[in-house]
Amino acid sequence: MSEENTSVTAAEWVMVVEASALASEDAMRFTHKGRCIAVYNLSGEFYATSGICTHEHAFMSEGYIDGDTVECPLHQGLFNIRTGAALSPPVTKNLKTFKTKIENGQVYVLVD
Numbered sequence: 001m002s003e004e005n006t007s008v009t010a011a012e013w014v015m016v017v018e019a020s021a022l023a024s025e026d027a028m029r030f031t032h033k034g035r036c037i038a039v040y041n042l043s044g045e046f047y048a049t050s051g052i053c054t055h056e057h058a059f060m061s062e063g064y065i066d067g068d069t070v071e072c073p074l075h076q077g078l079f080n081i082r083t084g085a086a087l088s089p090p091v092t093k094n095l096k097t098f099k100t101k102i103e104n105g106q107v108y109v110l111v112d
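By the UniProt record's numbering, the letter at position 58 of the sequence shown is numbered 58, and the numbering carries on one by one without gaps.
Just to be clear, a hint being listed does not mean it is correct.
To be verified - Cβ-Cβ distance ranges computed for the label pairs, FRET-style:
#, residue 1, residue 2, range
1, Ile102, His75, 26 to 36 Å
2, Ala10, Gln76, 31 to 41 Å
3, Gly105, Glu25, 17 to 27 Å
4, Asn94, Tyr64, 29 to 39 Å
5, Pro90, Ala10, 12 to 22 Å
6, Ala10, Pro89, 15 to 25 Å
7, Glu25, Leu74, 32 to 42 Å
Read the hints as simulated data drawn from the structure, not as lab findings. We put the beta carbon where it would ideally sit given N, CA and C, even for glycine.
Could you put together the complete structure from these sequences and hints?
Laid out in structure tokens, this is it:
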């Protein structure tokens, strides 16, 4: 009988940016352990999603933010920033979302 090699990566809080450095209604991207993640400031509330569109390779941090939606800069598909939900064609697959928190003025993202 052979054993499967299963590695489980524990989720970790990653410090991303000073909250004051990310303007309201703006986004930025960062990479952690090869994973691209976008962080958004929606009027002082911070959210994080997968950083690459689920339709084509485009950085979500470069998209147009309107309220709680972000428009993919490549083909203009819309996603809900809070939930990651795909809202309009050509996107059909949701973005993964990540928990965020603010501690000592720093934005942290829980990366799993």
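**Message:** Let me make sure I understand: some of the numbered hints might not hold for this structure. Which ones are they, in numerical order?
**Reply:** Result: hints 4, 5, 6, 7 break, sorted rising.
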